[in-house]
Amino acid sequence: MSRLPDPRPRPPEELEQLQEVWRQPGGWRLASAVNNTYVGVFYIGTALLFFVLAGILALLLRIQLAVPENDFLSQATYNQVFTMHGTMMMFLFAVPAVEAMGVYLLPNMQAARDLPFPRLSAYAFWAYAVGGLAFFCSLFFGLAPDGGWFMYPPLTSSEHSPGHNTDFWLLGIGFIEISAIAGAIEILVGVLRTRAPGMTLDKLPIYSWAMLVFAVMIVFGFPAVILGTALLEIERSFHWPFFIAEKGGDPLLWQHLFWFFGHPEVYIIFLPAAGFVSMILPTMCGTRLVAHRWVVLALVATGFIAFGVWVHHMFTTGLPKLSLSFFSAASMAVAVPSGIQVFAWIATIAKGRLRLTVPSLFVLGFLAIFTLGGLTGVMVAMVPFDGQTHDTFFVVAHFHYVLIGGMVFPLFAAFYYWAPTASRRALSERLGKWCFGLMFVGFNIAFFPQHVAGLMGMPRRVWTYPAELGWGWINMTSTVGAFILGLGALVFLIDLARNFRPFTGGNAGNVWNAGTLEWLPGGNYATRSIPIVTSLEPLWDQPDLAREVDEGRYYLPGAPTGRRETIVTSAIAAEPQYLMQMPGPGWPAVLAAWFTAAFFLLLTVKLVTPAMVCGVIALALVLRWMWDTDLGPAHPPVDIGGGIVLPVNCSGPMSHSWWAVVVLILVAGAVFASLLFSYFFLWTVSPDVWPAATGQALPGAEWPLAAAALLVLSSALVWWAGRRLEADGHWSVRLGLAAAAVALAAALAAELAGQRATGLSPTDSGYGAVVYMMAALQGLFVATLGIMALYTLARSLAGLLHRHRRATFDNTMLLWHYAVGQGLIALAVVHFGPRVL
Amino acid sequence: MAETDRRFFSGLLRIGAGPALWAAHLGLVYGVTAVACARGAGGVAAPTVVGLTLAAALGAGWIVGRELRRARAGPAGTRTSFFAAALAGLSLVAILWAGLPVVFVSACP
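As given, the protein sequences belong to chains A and B, one line each in that order.
Mapping the first sequence onto the working numbering, position 738 (from 1) lands on 738, and the numbers just tick up by one.
Mapping the second sequence onto the working numbering, position 32 (from 1) lands on 32, and the numbers just tick up by one.
Calculated from the structure, these hints are not laboratory results.
Some hints here could point you the wrong way.
Unchecked claim - Calculated cross-link-like contacts (lysine to any residue; reagent style SDA-like; alpha-carbon spacing at most 20 Å):
hint, chain 1, residue 1, chain 2, residue 2
1, A, K351, A, M332
2, A, K321, B, V35
3, A, K606, A, R236
4, A, K203, B, V50
5, A, K351, A, G286
6, A, K203, B, R7
7, A, K203, A, N513
8, A, K321, B, A34
9, A, K203, A, I572
10, A, K321, B, G42
11, A, K321, B, L12
12, A, K247, A, T609
13, A, K321, B, G51
14, A, K247, A, L760
15, A, K351, A, R288
16, A, K203, B, L12
17, A, K321, B, R7
18, A, K321, B, C108
Looking at chain B on its own, in the form it has when it is part of the complex:
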């Protein structure tokens, strides 16, 4: 694989990291809640969702920090850092936003 293609794929991974974390979080909290409610173990759902949300939010926050540091370090790849940091920032908001209902809403019907 040519060097330029390698840069393409590594850039793709960095830019996609935040949204991938968001997707994994949404999939997991949905899956955990669905299975817990279906098996009459609704009590498990809320604490797991809280834990998953905090973990995912920390991860997204870490990506934002790392990309901002990279952007400050030098002009090469600043554009990739901008996209990676901005998307991870948006993912962070979306993760917290999706996790927030656990405070207000009981898990199962």
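One chain only, chain A, in its complex shape:
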């Protein structure tokens, strides 16, 4: 690749066409925008709204606790308010906020025109915004969940929490998890496949690395809680006793599933924040990040070890001592990679000259607070110490130090740092310093005393306390601190109102003299042309880069196919592979999100028929949205400059949609693995309800054998249909798919018939429940693949499926083979398990 692919002057109409193609709709149609710079800003704004709302709830809690024997909030309201505070901060603020920053920043940082699935981002955003607001409003009707943000059964079982409150949490959070996974797929494929040419993995910005690890962690972490919420909702609605000890279930199963998600969750929100810090510090110090490689290594290592520490939330549940020790060790080990990063940042500050700007102040505040939180983290990783402080305010202090220190301070640093890329004006340094000062001082006054309260024995989640315990002055101090912290946040909002001016078509430019690509000049179309990247800080190393990019000297200076496009590159070397055509503004994805939110929320209050109507409408809209994808080679190959001619669109293993389905299969695999864990966990704790002890008859071998044969047949038919598609044998493809769908459904029917013939019912015991749950999960795949097969048939009949335009078929086929594999493993476990165990 030469230095300048296209030194000639550009034709004047080229820029006009580029602007026209990427023009955003005005007025109320702005809601149909799907471009990352718009959706990203909406998304960040909404996350900030939830931060403010959940912060106000925190202030209510602090007013209630300020003096002993207070009756500002009733006990029932207090329970709802602290549950909503925790739930909203984690699910409606922290995860969406970091995901939103990723949607906004990543394409700009990688000089792509957008992320690979813009409508998926829009869908994830709208489902979250609409659903989140409705979820918040449950507070005004006394319907908000009240079982704590981790919703432990048996407190949350239908026996002890009969109202709709818990269902709001289970279903409300259920689809916010789906929204998070949609975002993670987008980010994962985006980081790996839409980078500037030449941006090899060793030239990938640290922030992109952090988001890559973040997305992988969501893919493996969130499925456990998705399964957990599904099991608890099924137990509450249909009485399948997964968590009821008398029937061979176990409440600890919930804790395992919840914390297998819940602890990685802490790192899921910390790693992107660490990514912010690793981007901001080099700019503010005017030097490159020290030990870049080791910081990347630390991010990856944290991503792994974070999955080995979940049991430290369960140190007081009576698990074997040796088991606890394993997780205690892992919990200490996870401090090592965090330590590597902290030392790299300190060394970077020492190497350069730190300008004390607002982003720098927030980063310094982060270093101080997060390190203290990390130290108390190592303390509570010790089993004996944890036994003393478990469920006290010491833990509350610890995790606020980690979460506010580790995530909120870096996020505010990021707001101040990157605001000039979105807004015509930078935020105010003067107001920013007030904001930082109030937040830093307020935070420490609010939370440091809580360590002491905890050591004095004050438990979490109490709505009030008697005066003679002597906790009054500590709590009053905490409350005063919380209000100072709140004042800091208010100053930030005033700064936003005065200075933040997005969507004006211009921005404040590279005000910090940063070195990475998001500071290139550009418009809605991102940068005018897409540069070749030769170093980690291209703007520092190539002083003319910004001008050359803006003059269209690099790749893809226009819109050669007359539509929105971006370059798809290979995963390691970032070599251009093909040109992807992208969608413009549109309603189907946005409306689908609204109806998805309505489906889940109506289901919460048991309005089943309206919920189903909304569900069907949402599905129809998703299919409508899909109909415009899989464009095939819609345009002859295009010269993007420098003599590089790229095909337009692509199917097969190289395509971005194939990669997205592979990630989706990883998600599905993680859900299934969580269910397998549940099966063996229940067997470990309650062998007395297993057939060996109860004498429960098992289905004869003919049933599972028939089911397995049908599954294999179904896969074979799909494989054959794929072969026939290569030869454009359209009727064979259609018949093959239809027959495969029938075989897949028949396999499920055979399994269910076999189990029913033995008289086993899912409500009998934990065993019955988990056996039928295996079939239920398979049923979900049968239904999904049935719809996908019908959709593929429809495309075939409409003439939109042939051997050069087959991504729809390939994606269906991939998921199909996965479902068959999962079905075979489930059959083996359900039928061999009770015979062997």
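Following the hints, position chain B against chain A.
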């Protein structure tokens, strides 16, 4: 699948090998202890944990050695070797660290 994608997946496997070994070790020692204690066979737990820990540590050590040899052999893929060796090294420490309590702590409550 394109050659460049194949390299991506083989690199991913090499880098992930150490941490995967760590995860398998943690899962197995946890599972063995849980089942042994639940079935009143606590005596089985400690020797199995020792065996699993030594096996996993040897495996991780072998990966470190192999990747360091690869890194010395030539510049191509040095970066992959660095990540694979460093992560396997960290996994080795984490495996030994997790297995160590078996010396001090009795298996079941």
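Cross-check of the supplied hints:
1. For the proposed pair A/K351 and A/M332, the alpha carbon gap of about 29 Å is over 20 Å, so the pair is violated.
2. Note on A/K321 and B/V35: the hinted pairing holds, with a Cα-Cα distance of about 13 Å set against a maximum of 20 Å.
3. Restraint check for A/K606 and A/R236: satisfied, since their Cα atoms lie roughly 12 Å apart, inside the 20 Å limit.
4. Distance hint between A/K203 and B/V50 is unfulfilled; the C-alpha atoms sit about 42 Å from each other, more than 20 Å.
5. At roughly 9 Å between alpha-carbon atoms, A/K351 and A/G286 fall within 20 Å of each other, so this suggested pair holds.
6. Distance hint between A/K203 and B/R7 is fulfilled; the C-alpha atoms sit about 17 Å from each other, no more than 20 Å.
7. Proposed proximity of A/K203 and A/N513 is supported: the alpha carbons are some 19 Å apart, at most 20 Å.
8. Restraint check for A/K321 and B/A34: satisfied, since their Cα atoms lie roughly 10 Å apart, inside the 20 Å limit.
9. The suggested pairing of A/K203 with A/I572 holds, with an alpha-carbon distance near 10 Å, which does not exceed 20 Å.
10. Under the criterion of a C-alpha separation no larger than 20 Å, the hint pairing A/K321 with B/G42 is consistent with the structure, at around 11 Å.
11. Proposed proximity of A/K321 and B/L12 is contradicted: the alpha carbons are some 35 Å apart, above 20 Å.
12. A distance of roughly 32 Å separates the Cα atoms of A/K247 and A/T609; the hinted pair therefore is violated under the 20 Å criterion.
13. About 19 Å separates the Cα atoms of A/K321 and B/G51, which keeps this hinted pair within 20 Å; it holds.
14. The suggested pairing of A/K247 with A/L760 holds, with an alpha-carbon distance near 14 Å, which does not exceed 20 Å.
15. Between the alpha carbons of A/K351 and A/R288 the distance comes to roughly 9 Å, so the proposed pair stays at or under 20 Å and holds.
16. Restraint check for A/K203 and B/L12: the C-alpha separation of about 17 Å stays at or below 20 Å, so the hint holds.
17. Annotation: proposed proximity of A/K321 to B/R7 is violated, straight-line Cα distance about 43 Å (limit 20 Å).
18. For the given pair, A/K321 sits about 6 Å from B/C108 by alpha-carbon distance, which is consistent with the 20 Å threshold.
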